[in-house]
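Q: Chains as they are written, first to last, in the numbering used here: chain A, 1 to 244; chain B, 1 to 244; chain C, 1 to 244.
Please note that a few of the clues may not be correct.
Covered stretches of chain B (chain C as the covering partner; in silico rule of three or more C-beta atoms under 8 Å from a C-beta of chain C) [as the list claims (entries may be wrong)]:
1) 130 to 141
2) 188 to 200
Derived EDC-like pairs (lysine to aspartate or glutamate); straight-line CA-CA distance at most 16 Å [stated by the list, open to error]:
3) LYS3/A / GLU149/C
4) LYS169/C / ASP112/C
5) LYS3/B / GLU149/A
6) LYS3/A / ASP147/C
7) LYS3/C / ASP147/B
8) LYS3/B / ASP147/A
It is worth saying that the hints were derived from the structure and are not from the lab.
No residue lacks a Cβ here, since even glycine has one placed at the ideal position from N, Cα and C.
Chain by chain, the residues run as shown.
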Amino acid sequence: MSKPYTFVLIHGAWHTGDHWAPVAESLRADGHRVYTPTVAGFRESDPSVSHADGVDSIVQYIVDKDIQDFILVGHSFGGTIVSKVAEAVPDRIRRLVFWNAFVLESGKSINDESPPHYREMVQGGSSGGMFELPWEVWREAFLNDADHETAWRAYESLCATPVSMLEDKVELTKFYELIATGRLKASYLNCTEDTAMPHGEYAWHPRFSSRLGLCRIVQMPGSHEVIFTNPTALAGKMVEAGRD
Amino acid sequence: MSKPYTFVLIHGAWHTGDHWAPVAESLRADGHRVYTPTVAGFRESDPSVSHADGVDSIVQYIVDKDIQDFILVGHSFGGTIVSKVAEAVPDRIRRLVFWNAFVLESGKSINDESPPHYREMVQGGSSGGMFELPWEVWREAFLNDADHETAWRAYESLCATPVSMLEDKVELTKFYELIATGRLKASYLNCTEDTAMPHGEYAWHPRFSSRLGLCRIVQMPGSHEVIFTNPTALAGKMVEAGRD
Amino acid sequence: MSKPYTFVLIHGAWHTGDHWAPVAESLRADGHRVYTPTVAGFRESDPSVSHADGVDSIVQYIVDKDIQDFILVGHSFGGTIVSKVAEAVPDRIRRLVFWNAFVLESGKSINDESPPHYREMVQGGSSGGMFELPWEVWREAFLNDADHETAWRAYESLCATPVSMLEDKVELTKFYELIATGRLKASYLNCTEDTAMPHGEYAWHPRFSSRLGLCRIVQMPGSHEVIFTNPTALAGKMVEAGRD
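Taking the hints into account, I'd like the entire structure generated from these sequences.
A: Rendered as structure tokens:
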């Protein structure tokens, strides 16, 4: 039993905060406090919401609830949100945890850091400024460790993502200063069967983790969506990644 | 318990279909149907058999038994066989599973895709058109996760491989069209301690798996020959790789 | 239960032979004989001791005790010691095991083979010819799989390392001849969460393991310092790596 921490969990694209429920339950059972806000633009599927709006919605949530001294976790797309939130409220954050998450170079977008076939998929497949992940990509590359029923039920629970969240460039100069000066501590949790970014040149780890300076690496078996297949183990690894 | 599937399992070099026995037993115990043919040239150690002959022997086997809607698994060298079998009978195949298997570039041979020290080993060590794997290579690089007795007993069960199987160039234009158009679905099962292809530049994964388009990646601990050290877990992972 | 072997275990930088105690206990419980000498310059924190002196101290220990037919294990820095010990007494050694250890190119030092930020850390942080590992590096990059208390207690048990051990160039021509001719057999044990060398370009494996010719690869989960977090599993993997 580790000491109790406060976690703020930021979801990935096509998800909302509700998807964290089994992870949050597991963390709370061990005595931790957990917040699972939804980034603006997701639950309501609003294409007019920019990446900056998404960041603001989370900063506002943290300030409104006056959450202090917390471990801020970002999954996948959520990594681009927590990097900006960290710039806004660095002194409230105990540690950042990137779980198979984007750590963008300053001035880059998610599309800029994705392999060509994903960029083409987003360009060709978005509609009305929103993008839904194709089933085949979800089943084979995102939730490769689930049986078919689990993968399908999870797919039906997804929402569309505003294309702005994937295309907006994110300025991160202050974030990298906070990392370089050690004012922000960061961990990277890597699921070893996560192929949402294909293994090799575009892999999550060490491509993104290596940008975090003296970063604690934690690994576990599982896919990009182990949130559906093993939320209890995921919660345990978040504690390993987030603890002092 | 997953729904029952039909598996056709194609062995690697120096093996015959008989080596699948404990894997097949485990799959059958879970209700699956399993076929384990031996590629022509192996059981009889016949150096006059070409790669094309080997492919034909498996196509004939499938047609003779009228096997339909099956998961076709290739291990190691067997990957070069299943790629060509898929060209011949694509509509019979539910999904391809490459288990630490060669996915050749069209027009290449196994030797072409192997590191220099293996090419030299085959050139220097073959006799009468057949090649036996040296014990030291088997023990250190193929069956690195077994104790000495298991490794030795397994070694004594091996057969020589016709050099043609390693040197014949394999034309795979149609195979790659079937993959690119999504008519063939493929998975890649990677054992994380498999050093039959050395980790790094020549590694099985992601070198070969990245050629399979939208491919499902499944991993498990173990060596290239986990068929001898953990056949039950291997069978379970084949279901994970092969299922819908 | 494997047959009983004799192990000589050589510690890494900032460690002494005493740190092996729980590993040695586990090996002895399985019937193995175990020696855990401390390399000269470590227990006494003597900056005037050269790398060659450290090697001599271990050769002398082996000759004095007339240890024969043993598995020689080197951890981290210890890899540079066992490579030279192997040159001195090759006929006494049954097998070499490098556990996340340096396999230097002939004529190189540990600093030469380390990433730039480590070289700068040693240059900027040494005092009186000795170098102590900073706590933050230890906690995040070396003992990333421990809780805070375990990491801190372990840190308090460390000693300073003579800078000579990190900067002295090590000539290994004979070692590589012994490897190339097969007179020395080698295994490499890689902990998959070991980020003391960062994953990627500077990773332990396959960077160092690939220099060992036909080398047996064994892997286990855990950090660079799994000696503190899972000594029993480590002992088991040493047997897997070291056995015939």
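Q: Hint by hint, note whether the structure agrees.
A: Checked hints:
| no. | hint | in the structure |
| --- | --- | --- |
| 1 | 130 to 141 | holds (count 5) |
| 2 | 188 to 200 | holds (count 6) |
| 3 | LYS3/A / GLU149/C | 11 Å, holds |
| 4 | LYS169/C / ASP112/C | 9 Å, holds |
| 5 | LYS3/B / GLU149/A | 11 Å, holds |
| 6 | LYS3/A / ASP147/C | 10 Å, holds |
| 7 | LYS3/C / ASP147/B | 10 Å, holds |
| 8 | LYS3/B / ASP147/A | 10 Å, holds |
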